[in-house]
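Using the hints, put the two chains back together into the complex; each one sits in its own frame.
So the protein lines, in turn, are chains A and B.
Sequential numbering of the first sequence, starting at 2, is according to our numbering.
Sequential numbering of the second sequence, starting at 57, is according to our numbering.
Everything labelled a hint here was simulated from the structure, so no lab data went into it.
Glycine included, C-beta positions come from ideal geometry on N, C-alpha and C.
Incorrect hints may appear among the rest.
Sample of chain B residues facing chain A (criterion: CB under 10 Å; computed from the structure) [stated by the list, open to error]:
{"id": "1", "residue": "68"}
{"id": "2", "residue": "172"}
{"id": "3", "residue": "184"}
{"id": "4", "residue": "382"}
Straight line, CA to CA, 20 Å or less: simulated EDC-like cross-link-like pairs of lysine to aspartate or glutamate [unchecked claim]:
{"id": "5", "chain 1": "B", "residue 1": "416", "chain 2": "A", "residue 2": "125"}
{"id": "6", "chain 1": "B", "residue 1": "416", "chain 2": "A", "residue 2": "61"}
{"id": "7", "chain 1": "A", "residue 1": "71", "chain 2": "B", "residue 2": "251"}
{"id": "8", "chain 1": "B", "residue 1": "143", "chain 2": "B", "residue 2": "395"}
{"id": "9", "chain 1": "B", "residue 1": "263", "chain 2": "A", "residue 2": "43"}
{"id": "10", "chain 1": "B", "residue 1": "263", "chain 2": "A", "residue 2": "42"}
{"id": "11", "chain 1": "A", "residue 1": "121", "chain 2": "B", "residue 2": "413"}
{"id": "12", "chain 1": "B", "residue 1": "142", "chain 2": "B", "residue 2": "384"}
{"id": "13", "chain 1": "B", "residue 1": "166", "chain 2": "B", "residue 2": "376"}
{"id": "14", "chain 1": "B", "residue 1": "420", "chain 2": "A", "residue 2": "125"}
{"id": "15", "chain 1": "B", "residue 1": "419", "chain 2": "A", "residue 2": "125"}
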Amino acid sequence: MANRITLNMITQRSIEEGVAMEKGKTTPEYFEACSIIEMHDDDVKALGLVPNQLVRVTSECGSVVVKAVKGRQSLYPGLAFIPQGVWANQVVPPRTQATGEPQYSGFPATVEPVNGERRKSALELVQGAVGLWRGDQ
Amino acid sequence: MPKKVENVGCPYCGVCCDDLVVTVSDDGKKILEVENACAIGNQIFHHATGGERIRLPRLRQPDGSYKDISYDEAVDYAAKVLHNAKKPLIYGFGSTNCEGMAAAAKVAEKAGAVLDNCASICHGSSFLAIFDNGYPSCTLGETKNRADVIVYWGANPAHAHPRHMSRYSIFPRGFFTGKGHKSRKIIVIDPRHTDTAQVADIYLQVKQGYDYDLFNAFRTAARGHEIPKEVAGIKREQILEVVEIMKKARFGTIFYGMGLCHSDGRNHNVDIAISLTRDLNDFTKWTIMAMRGHYNITGPGAVWSWQYGYPYCLDLTKKDIAYMNPGETSSVDLAMRDEVDAFFNVGTDAGAHFPIEAVKHLKKHPWITVDPNICMASEISDLHIPVGIVGVEVPGIVYRMDNVPIQYRKVIDPPEGVISDEELFERIHKRLCELEAEEAAKGQVKAVPEGIRAESEP
Numbered sequence: 002m003a004n005r006i007t008l009n010m011i012t013q014r015s016i017e018e019g020v021a022m023e024k025g026k027t028t029p030e031y032f033e034a035c036s037i038i039e040m041h042d043d044d045v046k047a048l049g050l051v052p053n054q055l056v057r058v059t060s061e062c063g064s065v066v067v068k069a070v071k072g073r074q075s076l077y078p079g080l081a082f083i084p085q086g087v088w089a090n091q092v093v094p095p096r097t098q099a100t101g102e103p104q105y106s107g108f109p110a111t112v113e114p115v116n117g118e119r120r121k122s123a124l125e126l127v128q129g130a131v132g133l134w135r136g137d138q
Numbered sequence: 057m058p059k060k061v062e063n064v065g066c067p068y069c070g071v072c073c074d075d076l077v078v079t080v081s082d083d084g085k086k087i088l089e090v091e092n093a094c095a096i097g098n099q100i101f102h103h104a105t106g107g108e109r110i111r112l113p114r115l116r117q118p119d120g121s122y123k124d125i126s127y128d129e130a131v132d133y134a135a136k137v138l139h140n141a142k143k144p145l146i147y148g149f150g151s152t153n154c155e156g157m158a159a160a161a162k163v164a165e166k167a168g169a170v171l172d173n174c175a176s177i178c179h180g181s182s183f184l185a186i187f188d189n190g191y192p193s194c195t196l197g198e199t200k201n202r203a204d205v206i207v208y209w210g211a212n213p214a215h216a217h218p219r220h221m222s223r224y225s226i227f228p229r230g231f232f233t234g235k236g237h238k239s240r241k242i243i244v245i246d247p248r249h250t251d252t253a254q255v256a257d258i259y260l261q262v263k264q265g266y267d268y269d270l271f272n273a274f275r276t277a278a279r280g281h282e283i284p285k286e287v288a289g290i291k292r293e294q295i296l297e298v299v300e301i302m303k304k305a306r307f308g309t310i311f312y313g314m315g316l317c318h319s320d321g322r323n324h325n326v327d328i329a330i331s332l333t334r335d336l337n338d339f340t341k342w343t344i345m346a347m348r349g350h351y352n353i354t355g356p357g358a359v360w361s362w363q364y365g366y367p368y369c370l371d372l373t374k375k376d377i378a379y380m381n382p383g384e385t386s387s388v389d390l391a392m393r394d395e396v397d398a399f400f401n402v403g404t405d406a407g408a409h410f411p412i413e414a415v416k417h418l419k420k421h422p423w424i425t426v427d428p429n430i431c432m433a434s435e436i437s438d439l440h441i442p443v444g445i446v447g448v449e450v451p452g453i454v455y456r457m458d459n460v461p462i463q464y465r466k467v468i469d470p471p472e473g474v475i476s477d478e479e480l481f482e483r484i485h486k487r488l489c490e491l492e493a494e495e496a497a498k499g500q501v502k503a504v505p506e507g508i509r510a511e512s513e514p
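This is chain B alone, in the form it adopts within the complex (with noise of 0.2 Å):
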């Protein structure tokens, strides 16, 4: 009899919604009915065991086609690649749980790696924002109880987070927001009148690139100063009424998205932002949410800063010394710098989603993918290694985009024979300390420049 798996977590976006039920066949091998799921999510589950999957690591052979190989060989050839590289690019981690990022964080440390991932080109921008200016946030169950007005500033939950609005912010009823939608005011600020916007009572249409501009005007409107008749596109009189709704709400929440990191101006748009919610407390209770984009993409920022003290960017080629500077040890700067000699993508599509200039730069070097489905970057790939998905397969801990942990379950066996992101990790960092050892055995220990060393270590 098909059995109904209740409470499951959808490993799709920064939503983390953790009231699916997953029906699966009596023989626990087929997802046959997904209830609650976004279509986004509901695709994920459904293809899991929808159609062939990759069971086995493929080494790409000289004439261009996949060889299937032993994960032992995989693992081999994995570790190789790192213990020979100077500069490896571990990069990735949007969809994997934290026991497999954590995982992967010793193997980068062992082999001396650039330490990666996806906020490097989602919200990056937002962490440089945080480090300079603090981040009055707050949980998504506070705006859900509390908020009475939402801003949704360059984001589009209704396209890339579908079910962020019912959850959370627009439509349920809270605690202390028991009339639901009618209760709230939603301002939306986008250069496209988006399918989000339909759902606003004030859309403001923003010229693109001018976000600054606007942020501006609304913290000197908000203090009381003259602004001009017309900024970023938008009327002195729409600004003016924005901001008296902002000032008397009772408490307030503003979501972000990539409208304003991905535009001129990246991390100080963010900034700005960041400044208005801190004004804006002086009148009443608001607060500011980066959009994080995938389910766990906020994993590796909670999991490495209390590795390292960093959550991106992080540059481990020192090995002891961890080291973090946007810009220089970011994954695409890196690459069009050229200055990492083997790349590996981690639960994530760089071939698909970076640019291509940066994806051919990168595949001078060899190109490593660790994931579950066939992908761009999988297709350029030197060697593919699948894994289980998690949330669908393996179970394990992700952070929702408000720092909430939750722990995620899984629903089905993967495939048999294939492994999860942090057994693959943890054995290749098994197989680098083997090959390490080899080598101080033969006495040819890999140089380490002078003065990196802490002075106690002999």
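If we strip away everything but chain A, and leave its shape as in the complex, we get (with noise of 0.2 Å):
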């Protein structure tokens, strides 16, 4: 069993996070939809991870805490499903490949169990990265 694992992120949409997304980001059902990472059964097995277990996943420029489920989309091993978002912006790489888009899909991510660690809300994110949060409001 290993303590961590290097897999290749992609982050695209779901219909769930599109629905969520139209109800409000500051949702609870924006906060299930996107804090989510799926993997192959066989990365989940190598991690030692039972259902639902958080983990950190962490690319070149970022970390960020997510719960791991079973997606209804397969993935091969090696790939690893973030829906797109305020989670997976944490850890998408800027560089654009002179293009101006993002990494969007197609990164370095390690992937790594986590105890006494919560999920981040996506306000605390996103105004925590700005020095905006003023905690749970």
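Here it is, written out as structure tokens:
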């Protein structure tokens, strides 16, 4: 069992994210739709994760805690998916290959189980990044 | 008595469904029911009248809280930010009408701003490829009425364009496609076995980031040359099978999405997709179409190309000379290099959808959000100006993903006092002109570097 593994990360839309986004990005629905990661069963086993365990995802430019869930849309081993949105963009590299488009899909990220940590809310992540977070509001 | 409004356009995705039926309460203030919309479109309409809306602009206070201010004060603040900035960035426009985009462009030109839209982080790569290689495309109607082979490559409409398959590609019975789904072959190519792949006749699980290689193999095979035993995780036999289906099609369309534009290769992936489409036209009729995301994200490309000759990443800092160079004048690159000193987030949410590093850079300077709703951008802004929701409270022209313009209607009035994007930008433009005139009267006209004005200008 590995303490951490490096996976190839992709971030794209999910319909749950789309519906929750239109309801509001501060809603519990958006939180549950987007603060998750999907992986192949082999990688889940390699990390020794139990269902819905929290993991830390770290890329070249950041880190975020999300919940490892079993998705409906299957991936092959080594590929991981976080729905587009606030949590994904904590780790998406801003490099654009001179096109303007960040590396939303296909960047290396390490995944490791965490204990005693929690998923941060969307507001905490974004306001926290720019010094505006004033605690739970 | 509740009123039913028919043929309503949906302000969600690039499919621009225009067959919605919306039931409005007898006082015209509440949306009671939405028929025909997908789960996301449905949410947009219900959200408009379902909860509390922001009714006045909000200005950030020194203690970090927001204070309500009047529209006149907000217009004055926004105009002064633009006037004082050396290189402001006005970005967004995924969710507004063409009238609002044209008005914003007037403001950008007057302020000497960079004007960019969400394509910058979405289908901008497609523009680059289309400039290089052309766009053998069609309308969605032609696909519906003629296509017997459909390819979704790096696109997942089941999640991102929920009614695309039922309205235009897989399921509808068209003029020459009377048997609907039964008469069509569906090919899905994606690293994930998506919900779209569930309805495919053939699914190819391409290795992520190797789309270019697979397109290349398709082109090579279509020309009758040898290909390796396996390319991008796909067996040679499968590639040959799909190529044969493509060559024998009566009419085919490749719909591609962010799987190509967000991965390594970006515009080169789209470029070779276009080349494959052109190659296939040696055998039969093939077309290609970008799965544009928001309902009117095709709009700014159309409006600004008409106004300035370029669809996005428009540098108007020289005011009368438009310049475009993605990588240099694109929003995320400008942010990461700290080259802009004010940010307007319009009808989008850069706070949620830009990489957080880019957000941090932009937040070093004044940040103004123009959006009907509370979003991440509004919650980190210095000023949030609410506007009416296009397609629900504000009518206007939008461009569908196949570049077909559609007149959207409104079904209810915006909350009392809330204005449209177009009116807001017209008022900001007027105030900018006043500020310029005031400075000119004082003899403090902004210096314009020599050599950038047309010689005929005095």
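*List in ascending order the numbers of the hints, as given earlier, that are violated by the structure.*
none
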